[in-house]
Amino acid sequence: MLLARQDGGGYVARWVLRRYARARVRTVALADGKQVLFVPGSMQGLRDALQQKEQIIVVIDVPPDQVNLTAPQQVLGRTVHMPIALPRLAVEQRLPVTVFTLGLDLATGRRDLRLYPLGVQDDAQALSEKIFAHFERVVRERPACWHFWSVADRFFADLPAGGQRQP
1 MLLARQDGGG
11 YVARWVLRRY
21 ARARVRTVAL
31 ADGKQVLFVP
41 GSMQGLRDAL
51 QQKEQIIVVI
61 DVPPDQVNLT
71 APQQVLGRTV
81 HMPIALPRLA
91 VEQRLPVTVF
101 TLGLDLATGR
111 RDLRLYPLGV
121 QDDAQALSEK
131 IFAHFERVVR
141 ERPACWHFWS
151 VADRFFADLP
161 AGGQRQP
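So the sequence shown is residues 1 to 167, counted in the numbering used here.
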């Protein structure tokens, strides 16, 4: 699993949420039997995993100040700057991409896993647009399910703090 580093900024005065996030990451790592790769700084680990033909789960709906390279996207009628390095890598290496959402059916209490295969893509920007079209649809359908409302001001930042625009 590839995940943005969990800095303290999004968890100020929210120690329960921070502990939950850390426990969730540990649980995923234990279930998968693999280490969690944090970005920025794990591209070599990611490349090694891909060379070994391992599947990678990527959490890509992160504030732009958590990554090094972003590109503009339209999300919820606003321009946001989203990570672009991994869509570029998927295009360069001809990797098939599948978007997934995991929600909770409040009526039954059951998890709701949905898979959206996008296949191999030829353009990183177009791939990113497809990924975030799914993200936007889910947020519009079930806004309470998005886990980053507490840092929405960072997510919707006009310019990424600590990031760069796509060259």
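No wet-lab data here; the hints were simulated from the structure.
Possibly wrong hints are sitting among the right ones.
What the hints assert, rightly or not - With beta-carbon atoms standing in for the labels, derived distance ranges:
id, residue 1, residue 2, range
1, Tyr-20, Gln-55, 22 to 32 Å
2, Gly-119, Ser-150, 30 to 40 Å
3, Leu-50, Ser-150, 25 to 35 Å
4, Ile-56, Arg-137, 21 to 31 Å
5, Ser-150, Asp-122, 15 to 25 Å
6, Glu-136, Leu-106, 32 to 42 Å
7, Gln-74, Ala-23, 27 to 37 Å
8, Ala-23, Asp-122, 32 to 42 Å
9, Lys-53, Gly-109, 11 to 21 Å
10, Leu-113, Trp-149, 15 to 25 Å
11, Gly-33, Pro-143, 27 to 37 Å
12, Leu-106, Gln-35, 25 to 35 Å
Claimed, not checked - Within a straight-line C-alpha distance of at most 30 Å, the following computed BS3-like cross-link-like pairs (lysine-lysine) qualify:
id, residue 1, residue 2
13, Lys-53, Lys-130
14, Lys-34, Lys-130
15, Lys-34, Lys-53
All of these numbers come straight from a predicted model, not from anything done at the bench.
The beta carbon of each residue, even a glycine, is placed where N, CA and C say it ideally should be.
These are the hints, each one checked on the structure:
Remark: the range hint 22 to 32 Å for Tyr-20 to Gln-55 is upheld by a beta-carbon distance near 25 Å. Checked against the hint of 30 to 40 Å, the pair Gly-119 and Ser-150 passes, with Cβ atoms roughly 34 Å apart. The supplied range of 25 to 35 Å is met by Leu-50 and Ser-150, whose beta-carbon atoms lie about 32 Å from each other. In this structure, Ile-56 and Arg-137 meet the distance hint of 21 to 31 Å, their C-beta atoms being roughly 23 Å apart.
Ser-150 and Asp-122 have their C-beta atoms about 36 Å apart, which leaves the hinted 15 to 25 Å range violated. Glu-136 and Leu-106 have their C-beta atoms about 21 Å apart, which leaves the hinted 32 to 42 Å range violated. Checking the proposed 27 to 37 Å range against Gln-74 and Ala-23 shows it holds: the Cβ atoms sit about 34 Å from each other. For the pair Ala-23 and Asp-122, the supplied restraint of 32 to 42 Å holds, since their beta-carbon distance comes to about 39 Å.
The beta-carbon spacing between Lys-53 and Gly-109, approximately 36 Å, falls outside the hinted interval of 11 to 21 Å. Checked against the hint of 15 to 25 Å, the pair Leu-113 and Trp-149 passes, with Cβ atoms roughly 22 Å apart. At roughly 34 Å, the beta carbons of Gly-33 and Pro-143 sit within the given window of 27 to 37 Å. Taking 25 to 35 Å as the suggested C-beta distance range, the pair Leu-106 and Gln-35 conforms, at roughly 33 Å.
Only pairs whose Cα atoms come within 30 Å are accepted, and Lys-53 paired with Lys-130 is accepted, the gap being roughly 24 Å. Taking the CA atoms of Lys-34 and Lys-130, the gap is about 28 Å. The hint holds against a cut of 30 Å. Proposed proximity of Lys-34 and Lys-53 is supported: the alpha carbons are some 14 Å apart, at most 30 Å.
Of the hints listed earlier, those the structure fails to meet are numbers 5, 6 and 9, in rising order.
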